[in-house]
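Undergrad: In case you want the letters, here they are:
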Amino acid sequence: MKVLKITPEKCTGCLRCELACSYMQTGQYQPAKSVIRVSPFEGHTSYAPYTCTQCAEGWCMTACPVGAITINVAGAKDVRDDVCVGCKLCTIACPYGTAFYDPDTRKAFKCNLCGGDPACASACPTAAITYEDTATVDWIGDFAAHRAGRLLETV
Amino acid sequence: MAARHLIIGGGTAGINAIRTIREEERERSEITLVSAERPYSRMVLPYFLDRSIAESHVYTATPRILAEWGVKSHVGRRATSLDPKGNVVTLDDGTKLEYDDCMIATGSSAVRAPVAGADGANVHSFWTLDEAKGVIAGIAPGSHVVMVGAGFISFTILNSILSLGAKLTIVEIAPRILPRMVDGPGAELVEKWLEKHGVTIRTGATVSAIEDVKGKPGTPARKRIKFARGAKGGDIIADVVIMATGIKTNLDWLKDSGLRIDRGIVVDSHLRSNAPNVYAAGDVAQGPDLIAGGTSIHAIEPTAQEHGRVVGANMAGKDVQYRGSVIINIVEVCHLDVASFGAWDDTTAEVISASRPDRPAYRKMLFRGDRMTGAIILGPSSDIWTTNDVGMLKGLVQTGQPLGQFKERLRQQPFDVKTAFIAAKTTARLLPETVVGRPSKAPGDTPVAV
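Heads up: the protein sequence lines correspond to chains A and B, in order.
Numbering follows this note's numbering, with no gaps: position 151 of the first sequence is 151.
Going from the second sequence to this note's numbering is simple: count from 1 and add 155.
Among these hints, one or two may not hold up.
[Stated by the list, open to error] Straight-line alpha carbon distances no greater than 25 Å define the calculated PhoX-like cross-link-like pairs of lysine-lysine that follow:
1. B:Lys-251 <-> A:Lys-107
2. B:Lys-371 <-> B:Lys-351
3. A:Lys-5 <-> B:Lys-351
4. B:Lys-322 <-> B:Lys-403
5. A:Lys-10 <-> B:Lys-580
6. B:Lys-288 <-> A:Lys-107
7. B:Lys-580 <-> A:Lys-5
8. B:Lys-573 <-> A:Lys-10
9. B:Lys-351 <-> B:Lys-322
10. B:Lys-410 <-> B:Lys-251
11. B:Lys-580 <-> B:Lys-227
12. B:Lys-288 <-> B:Lys-251
13. A:Lys-2 <-> B:Lys-351
14. B:Lys-573 <-> A:Lys-5
15. A:Lys-2 <-> B:Lys-473
[To be verified] Estimated spans, in silico, between C-beta atoms of each pair:
16. A:His-44 <-> B:Glu-505: 25 to 31 Å
17. B:Val-230 <-> A:Val-83: 20 to 26 Å
18. B:Glu-343 <-> A:Val-83: 35 to 41 Å
Treat the hints as calculated values from the structure; they're not laboratory data.
Virtual Cβ for every residue (Gly too), placed ideally from N, Cα, C.
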C-alpha cells in the first residue's frame, strides 16, 4: 500500500500541506480544517508534519457505532458523511489524535489519502511529504525526541 | 457437524462477535442470535431524538443483513435461564437452544430512582429505542424538560433536547454534576458553561415525589417535582421528566446458572467465564482492566465492541487474549467537549493540571512514574487543539508509553500534548497494536458466503 512518508528534516514549516489538505477535504483554505498538521519544535526553529498512519487496527473504524468509517480504494480509513452522525467516538478512540470533528458539518473527518492522490504530498515544495509504496513507520519520533529533548535540556 | 455458536444479546458486543466469527472461521458455523430488541446502536439515539437521523439509521443489523450473515435469529425473545452443564439456554417462549459455545451480552437497563410517581405518565427513561420514542413524542418546542440525574446519559441528550427548542432543568442528588466522568474543577466549569447557555442546574437536590398537576381536561398532564427537605428552591413544574438515574446490568436470569458473578460475570483474558465454553462481553462482563489490573466492568461502547470481537475470534478457533479495556468517555455540551480517560479519579496518582482563565479549557493528567494513567480534558469543540489532544491523551493512557524527560514538557506546556506524544515515540509503540491480532476489516467486508 502507498503511504505518506514524512522526512521531517526537509520540512520548512511553510504550511502548504495544510492549505492543500484543508482545500481538498473541506473546500476551504484553512489550516484549522487540515488533517495533516505541522508541529513546531525547538521554539519554532524546526518543524514536522503529522497525520494519520492508516493503522492496521483502524481504531476509528472499529469504534464507529454506525459503520460510517470504511476503507477506500487507496487503503485509507475514510468517513462516509451520509452515515456519520457526529458522535465523536472516533475522536477519542483514535490513540494517534488524528480523527477530527468539524463543528460546521457536525461530522468526523480524517485523512483519506485524498482517495489515492494526496494533496499534501503534491503541495510540499521540499519533498518532506512523499507518497510511496512502503511500510508505515514512526517517521518523526526520533526527530522530535532529539529536537524537543534539546530544548528541555537548555531550560 | 458445524460448530453451533449462540449469541445472547444483539447490542454492540453481539453484532461485533457475529461479524468476527464470520471473518475468522475456517469452516462455516451455525450462529444463533437471541435479542430482546432489534439490533440497533444506543450511541446514536441522541441523534434520533433531535431528528437529525431517521429511525432506519439506528439499526446495526437488519433482518436482511442477519440473513446474509447466515444468522438464525430469535428477535423479541429473552433468555430466561442457562444450563452450562447441559449447554442449553431456555427462552421466554419455552424454546430450548443447544450450543457448543455461547456468549452472554445482555447489556444493561435503565433504573429509576425509587421516587413516588417515577413510573407515572410523562416520566421517561432514555435508554432503549422504545424509550427514546417515548421521549420524542413528549417534547415540543417550548416544553420544559426536567432531567433527574446529571450523569453521562443525561449529558448525551442535552444538546438534542435544547435543539428541539425545549427549556431544560437538570436535577442531581450529588453535590455536583458528572460525578463519574470528571473531577470537581471540571464539573464546575461545565456547570458554569451550561448556565451561560440557559440550562438550569440544581445539585444536591433529592427528588421526593413526582406528581400530576391538575390542568384543563384534554391537555397533557404536567408534572410537579417535589424535593426532600434541605434542597434549595421550591417545586419544579415540568412537561416531561426524564429519569436518568443509573443503569443496572441484566444478569438476574443467570442467578441459578452456576456462573461466577461478582459485579458482573467474571471472565478471564480470553473473556471466558468459569464455564469454559461460555463467554461474556460488554456491560455484563467483568473483564481485564488495562489500567488498574484485575477485572472491572467498563460499561461503554468501545469495550463492548472490543469484547465482542475478541470473543468472536476465540469462538472461531483463534487464540486471542484481550489486553484489557480502558474507560473512555466524551460528551459535547453546547459546543464544549468534555472527555476523560482511564484512572482520572485516582487520588494517589501524581497530577499535572491546568486551566485557562480566559476560556473554558481545563486539563488534568495523572501519572504513575513517567507513564500517564488517566486524563481529563475540557475545551471548546471548535478548538482544533482540543480534538487533537483528546486522541493523543487516549493513546498515552492506552499504551502507558514511558514519557521519560517529556513528562517535564507536559508540566511546562500542559496545553500541548502533541510534542510529548510524538517525542516519546508513542506512534512506534502503537503501530503494531491490534485487538484481534490482524488488521481490521471494513464494516461492509464481512464474508457472507463461506
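Undergrad: Work down the list of hints and note, for each, if the structure agrees.
TA: Hint by hint, here is what the structure shows:
Distance check on the hinted pair: Lys-251 of chain B and Lys-107 of chain A sit about 45 Å apart at the alpha-carbon level, beyond 25 Å; violated. Of the pairs offered as hints, the one joining Lys-371 of chain B and Lys-351 of chain B is violated, with about 35 Å between alpha carbons and a cut-off of 25 Å exceeded. Between the alpha carbons of Lys-5 of chain A and Lys-351 of chain B the distance comes to roughly 46 Å, so the proposed pair goes past 25 Å and is violated. For the hint linking Lys-322 of chain B to Lys-403 of chain B, the alpha-carbon distance of about 29 Å lies beyond 25 Å, and the restraint is violated.
About 20 Å separates the Cα atoms of Lys-10 of chain A and Lys-580 of chain B, which keeps this hinted pair within 25 Å; it holds. Proposed proximity of Lys-288 of chain B and Lys-107 of chain A is supported: the alpha carbons are some 24 Å apart, at most 25 Å. With a CA separation close to 16 Å, the supplied pair Lys-580 of chain B and Lys-5 of chain A stays within the 25 Å bound. Taken as a hint, the Lys-573 of chain B and Lys-10 of chain A pair is honoured in the structure, with Cα atoms around 20 Å apart against an allowance of 25 Å.
Restraint check for Lys-351 of chain B and Lys-322 of chain B: satisfied, since their Cα atoms lie roughly 13 Å apart, inside the 25 Å limit. Using a Cα cut-off of 25 Å, the hinted pair Lys-410 of chain B and Lys-251 of chain B holds, with the two alpha carbons roughly 18 Å apart. For the suggested pair Lys-580 of chain B and Lys-227 of chain B, the alpha carbons sit about 47 Å apart, so the restraint of at most 25 Å is broken. Under the criterion of a C-alpha separation no larger than 25 Å, the hint pairing Lys-288 of chain B with Lys-251 of chain B is inconsistent with the structure, at around 32 Å.
Among the hinted pairs, Lys-2 of chain A with Lys-351 of chain B is inconsistent with the structure: their alpha-carbon atoms are about 49 Å apart, more than 25 Å. Taken as a hint, the Lys-573 of chain B and Lys-5 of chain A pair is honoured in the structure, with Cα atoms around 19 Å apart against an allowance of 25 Å. A hinted pair counts as satisfied when its Cα atoms are at most 25 Å apart, and Lys-2 of chain A with Lys-473 of chain B does not qualify at roughly 30 Å. As the Cβ distance of His-44 of chain A to Glu-505 of chain B is approximately 30 Å, the hint placing it in 25 to 31 Å holds.
Val-230 of chain B and Val-83 of chain A have their C-beta atoms about 23 Å apart, which keeps the hinted 20 to 26 Å range intact. In this structure, Glu-343 of chain B and Val-83 of chain A meet the distance hint of 35 to 41 Å, their C-beta atoms being roughly 37 Å apart.
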